[in-house]
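Number of protein chains: 2
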Amino acid sequence: MASIARSSLRMRSVTRMPTARTISTTPHFRAAAKPFFADEPAAPKLATAIPGPKNKAATAELDKVFDVRSLNMLTDYSKSIGNYIADLDGNVLLDVYAQIASIPVGYNNPHLTKVAQSPEMITSLINRPALGNFPSADWADILNTGILKVAPKGLNQVFTAMAGSDANETAYKAAFMYYRQLQRGGPEKEFTEEELKTTMTNQAPGSPQLSIMSFKSGFHGRLFGSLSTTRSKPIHKLDIPAFDWPQAPFPSLKYPLEEHAQENAQEEQRCLQETERLIKEWHNPVAAVVVEPIQSEGGDNHASPAFFRGLREITKRNNVLFIVDEVQTGVGATGKFWAHDHWNLETPPDMVTFSKKAQTAGYYYGNPALRPNKPYRQFNTWMGDPARALIFRGIIEEIERLNLVEHTAQTGDYLYSGLQRLAEKYPEHLQNLRGKGQGTFIAWDTPKRDEFLGKAKGVGVNIGGSGVNAVRLRPMLIFQQHHADILLESIEKIIKQL
Amino acid sequence: MASIARSSLRMRSVTRMPTARTISTTPHFRAAAKPFFADEPAAPKLATAIPGPKNKAATAELDKVFDVRSLNMLTDYSKSIGNYIADLDGNVLLDVYAQIASIPVGYNNPHLTKVAQSPEMITSLINRPALGNFPSADWADILNTGILKVAPKGLNQVFTAMAGSDANETAYKAAFMYYRQLQRGGPEKEFTEEELKTTMTNQAPGSPQLSIMSFKSGFHGRLFGSLSTTRSKPIHKLDIPAFDWPQAPFPSLKYPLEEHAQENAQEEQRCLQETERLIKEWHNPVAAVVVEPIQSEGGDNHASPAFFRGLREITKRNNVLFIVDEVQTGVGATGKFWAHDHWNLETPPDMVTFSKKAQTAGYYYGNPALRPNKPYRQFNTWMGDPARALIFRGIIEEIERLNLVEHTAQTGDYLYSGLQRLAEKYPEHLQNLRGKGQGTFIAWDTPKRDEFLGKAKGVGVNIGGSGVNAVRLRPMLIFQQHHADILLESIEKIIKQL
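The listed protein sequences derive, respectively, from chains A and B. Under numbering that gives the first Met the number 0, think of the first position of the first sequence as 0, with each following residue one higher. Under numbering that gives the first Met the number 0, think of the first position of the second sequence as 0, with each following residue one higher.
Rough simulated footprint, nothing fancy, chain A against chain B, three-plus residues with beta-carbon under 8 Å:
#, segment
1, 131–145
2, 226–236
3, 373–386
Computed footprint of chain B on chain A; a stretch qualifies when at least three of its residues, placed anywhere within it, have a C-beta under 8 Å from a C-beta of chain B:
#, segment
4, 145–158
5, 162–168
6, 224–232
If the Cβ cut is set under 7 Å, some of the chain A residues that face chain B in the computed set are:
#, residue
7, Arg68
8, Leu111
9, Thr122
10, Ser206
11, Asp243
12, Gln358
Worth flagging that the hints you see were computed from the coordinates, not collected in a lab. Yeah, the Cβ is synthetic: ideal placement off N, Cα and C, and Gly gets one too.
Next comes chain A alone, as it looks inside the complex (with noise of 0.2 Å):
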């Protein structure tokens, strides 16, 4: 393990000029653009089948103690670079699902790696606070220079997490507590003798029963709070208990687009109508809404902006808040920081939030009154990770430094019109092509799916699905045209083969 330091620091000439090695000999798409990566391979590299003898054996081992039926591929990280990701027999795969979709800037990304040396890093690790009693001297600026600098618009605060699940729970806890604050009318009202006795057994009205609305196919995470909102598929759910919760329709709209305007408006028009009939008429009351700008891991299925703006609207008609969830769509992917940058809201969410590809997670907001009118209302004892906070600030460091997210867009467009040109080709593998003008956050359907992503490491690519029939791509912001020319031509090589 000792090399990874070294050969990370060996990357650090990120700007070197490319050289033959690096750049696509793919007649269709040559891309002249230098490598963020200098010492990237060149294209896949394919040792054994996958898995090799190294991989099996390895994998054997660790199934004694932890679960490895969902495993994908056992990682040689000191391997993995870049683009790339390496596995323990040799092989070398263009990664365009980079660990679910959070990996933003690369395996052994440079820049990152000096961070995980710096003395804040090293004190973050070893002695790890309890953010909310005894935050370090410094957490104000971390955040101000990390978390908060990509603030969306119009959000200055921010309450940090672990992951996306409690992210997203903490934001529906927040939604509770500002709610019943209404109903009590205002911060300074106590509570009743009836709910401090009552929420300790669990009933109303200490313990309220109030919902959350989400979406059907949307995903929110897998603990009991966001799981009630996960609407993905039944092996995410099933046996779990869960809240009597409302699920409002989402959008399914039809592709082409600019074919089917008037039809797709008409089936958002739909959806929010019944989405408002249901805040209406839930019988537990809606204290929030919960959407993804993308629901991404129920199939990548998209709506329009203006979708968008008419929930915004509908929320507040109606008094609930509105809860961006940006878990996966955050962090540039889709050409914005922001996926919801792409509305022109008028007035922004009450609260987004994130993880992922930022490394940690947590809720934005505005709005004082969602911070609760009480301390320890909203607390635990580690309320996220420093570590991790600085590593998200290394991470916008680099989206900064190499204008990672208007780079995302242009290699989107790029990428997408090659889509285009192989749905051309090969109508029926795929199918309802979507993600356009959404940076490299593109997917499509295909009716041999779980077979095509089989495929794809043979051909030297590693690449997921979403949904039942949906190839979803996720590359990191790091991807380059040079690296669509590869995948454009895996990708056909694997419908060849289907």
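Once you've looked at the hints, dock chain B against the given chain A.
Same frame as chain A, but now just chain B:
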């Protein structure tokens, strides 16, 4: 900040002989043991009233973006060392609260500094894996030499998590899946169409109305499932929807224990009977019982090993799982590595959850049937954090090198004796002293508790409370007799001010 790493390196010689500066000058309890941290101050240092001017100014700055109403003290971790925590104004306090019981081997521990600088740590920080899909090649080794090296007797597998709340909630999920599997007749039985359909709208039978039983005054976390089992204080629960889950009575013991043996045994018997009645009769069937070995947030409430053995018997007799929540009690503080080691159980708990002093989290289990019958049922993107798992491994190495569990048992006895003397001298201020033979996990009740805690910093100690009336001691495992002397002296000083 650059000085941290250097000052950490200076502390490497932890076996250096004690100097006059590091030996307590308290006359009654002169200690002879070598200090673990040679550069620790010999005593607390008070430079200003607390909070001092720099702390106040920095807190106001942080308040702009982060809720500071639960803030105890902004901390200068670069100046904190061993058992001593420093603020921005030059105050250095003996810390027996330790980030809510979560720092085990001291601030700026030299061995952890080395771990933080290791190549494994750097790759874990910058190449964060989705552990269920793409674990690193050495993940099995990291588990086997770390988390699993200290697995409770009889439990040899782990599901890793991020913090105490999700450690408990994933354990609850495993319990629900196991319970339904038994009902169905085995792991090979398929879900019914009705289950697959109803779970998508959060309804039974797919989302069954099962429950987890917890105890009055218990604390198990603050997300929606864990909060439904938390019964500590209304402020932790108010306004948050909760599941209709049962609450069993926890024994209310009288102290000193030896004077109330029969009465306490009867009380425990009463609670066990009521627990079993609730398991049999609660309208939402009980899949598991969760209990803390010592109720830590709820007031440091103890029960006897016989009570817990009885509880284990009841759960077996009624086919419900027995989950022991060792989030606060685990990792040595009670003078055993796991507090439930004190019980001499005939069969191990079904699951044991951990976090805090482990600096990472998860649940241990032994029965392979607790792995859900299909992949992706117990899953999330990160499933923990290898960086924090490496820190836990370093902590375990320190615990072994310095024999800190045995050490804590001995120091605890010494501290308890001193407190007994104080309780005899000030019976009105030290009531119900408890934690004898439980390492340094000691508490007592005092009628002026909040006043007591408020004055502690003024005499140079950082100390926390639990429940309504309790002062709880949560020193680190490197807390030594000379620290106990200072603490005892400080407690007496506070009492004299009340």
